[in-house]
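Taken in sequence, the protein lines are chains P and Y.
Taking my numbering, I'd label the letters of the first sequence as residues 9 to 248.
Taking my numbering, I'd label the letters of the second sequence as residues 1065 to 1357.
Keep in mind the hints are simulated off the structure, nothing from the lab.
Here a beta-carbon is modelled for each residue, glycine too, at the ideal position from N, C-alpha and C.
Mixed in with the good hints, there may be bad ones.
Unchecked claim - Dumping the calculated DSS-like pairs for lysine-lysine here, alpha-carbon to alpha-carbon at most 25 Å:
| # | chain 1 | residue 1 | chain 2 | residue 2 |
| --- | --- | --- | --- | --- |
| 1 | Y | 1197 | Y | 1213 |
| 2 | P | 140 | Y | 1078 |
| 3 | P | 140 | Y | 1074 |
| 4 | P | 20 | Y | 1353 |
Claimed, not checked - Just so you have them, the derived chain Y footprint on chain P, three or more residues with Cβ under 8 Å:
| # | region |
| --- | --- |
| 5 | 79 to 86 |
| 6 | 110 to 118 |
To be verified - Sample of chain Y residues with no beta-carbon within 10 Å of chain P, all distances over it, derived:
| # | residue |
| --- | --- |
| 7 | 1100 |
| 8 | 1113 |
| 9 | 1167 |
| 10 | 1168 |
| 11 | 1217 |
| 12 | 1311 |
| 13 | 1353 |
Take a look at the letters that make up each chain.
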Amino acid sequence: MILFKNVTKVYKNGTKALDNINIRINDGEFVFITGHSGAGKSTMIHLLTCEDTPTEGKLVVNGVEPKKLSRRQIPKYRRGIGVVFQDFRLIPTMTVYDNIAFAMRVVGKGGREVKRRVTSALELVGLSHKAKEYPNHLSGGEQQRVALARAIINSPQIIIADEPTGNVDPQMSIEIMKLLNTINKNGISVVVVTHEQALVEAFKKREIRIEGGKVSFDTADNAASEDSEQPQRGRVQSND
Amino acid sequence: MIDSIIFLIKTAFKNVFKNWLLTIASISILSVCLIVLGSVMLIVGNINLFIDEIGDESQIVLFIEEDLTVDEITQISDRLHSISNIGNINYKSNSMILEEYKESLGEDAWLFEDLDAETFRNSFVFNIKDLEKYDQTIYEVEKIDGIAKIKERRDVIERIVDIKDVLTFLSFWIVMIFVIISMVIITNSVKVSVYAKKQEIWLMKYVGATDAFIEAPYFMEGIIIGLTAGFIAIISQIYVYNNVLSPILSDLGFINPLNIDSVMSVIVIGFLVAGAIIGTIGSAYPVKKYLNV
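Please take these sequences and the hints and turn them into a complete structure.
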């Protein structure tokens, strides 16, 4: 579960990136975070990955408040989150297999476990036949699928995808989103940060729109108001 | 655990070979530094040996009072033997001194034929072991009863001690300068490795690798460079000493160069330990400053 409660982030130069944000993303949920560039989406990712801390308010991820973690506890916290980037961030000198295995090896895993899980992740993303290829021999969509396999390899509870379809063609965008959907069906929460409204509309998932550092729209709120007898899901009220 | 260790060692060696040009430069310069350091130490060692030999030869003569009994002379001898910094103590009676003079004159010994042994004073002759404690030792000797006069060569001793101090001071700073140069070069080598692997380091951070896991290969890289340089320096040092330094010192005429075999264990352990330490410290700075994990 991800909980932003009255979260405000003000950078040293005075820029207010997030302004009293209240969001709840439940376990196993699939959420789109949309908004124009500079809206505050990247700041949300930085807070979630513990690269930065909120200036005010409380952020809780998987029952942990990242702000309260010591330097030594941060690596363990990050193992619970898989991140996918727009520019894939694959290591060009490593094969597809090694790019995925790398994420396991650097957290101290090795041997048969690496082989078994990398093979299974490659099957999931449909790239078993490209295991020995280098990233620069792959298309954008294939590279992003490798990045997805790397993100899930350590069994995180949450996947954060930052503009995952930004560098792939429309057909492959749909494939990437379907893969994320499959991952989500395995119980992993998926947070997709995007500005591609067409994609959001095509998949009919919860959408949280950020504008000027504030939540301007959350489909969970609309669903709750349409059916007041349903327990409220999504946005945290100020009296929560 | 074993998989992790193998992965770290592999990564460290990959770093070393990937930046091979800088690695060769680091190893070469550190080797030269260690050879210079070793050469300075060996020269200082030889000079110290020479100074010790001079010290052994610069005897102190202790004249005792004329009317002492055998027991009192024995007591002085015992007191001298009880002072730890005194060595090679010899008693010379006035008749022994007269005989020595005659021997030294050779054919002209007849000149001393009519001389009475009473002309000379009974004395003790000895050496100071540690010249740094010269004043303190002489002070202890002066407190012994029955001493008439101490004939010492304080000026010579002080000059020897001064030379030794200057050499020690100079060698210390030469060594320090070379150590700093070596560290700067290793720092740059590791810094380049860190920059080259910026994306990998960043990814390691994101997937939850610990600080120690990210830093370890770069520390290892420094140690590998240090140990390799140490190993090369050992072989080179033996060659340089036996073929260059030792003949030069020998040609000076007054130094009998020490055999490198007698200090081989010091050179081997010293170079490898110095290489590893310089490598570790040299890599610590860029790891902490540029890794930013």
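Consistency of the hints with the structure:
no. : hint            : in the structure
1   : Y:1197 / Y:1213 : 20 Å, holds
2   : P:140 / Y:1078  : 20 Å, holds
3   : P:140 / Y:1074  : 20 Å, holds
4   : P:20 / Y:1353   : 22 Å, holds
5   : 79 to 86        : holds (count 6)
6   : 110 to 118      : holds (count 8)
7   : 1100            : 38 Å, holds
8   : 1113            : 53 Å, holds
9   : 1167            : 82 Å, holds
10  : 1168            : 80 Å, holds
11  : 1217            : 65 Å, holds
12  : 1311            : 51 Å, holds
13  : 1353            : 16 Å, holds
In summary, the structure agrees with every hint in the numbered list given earlier.
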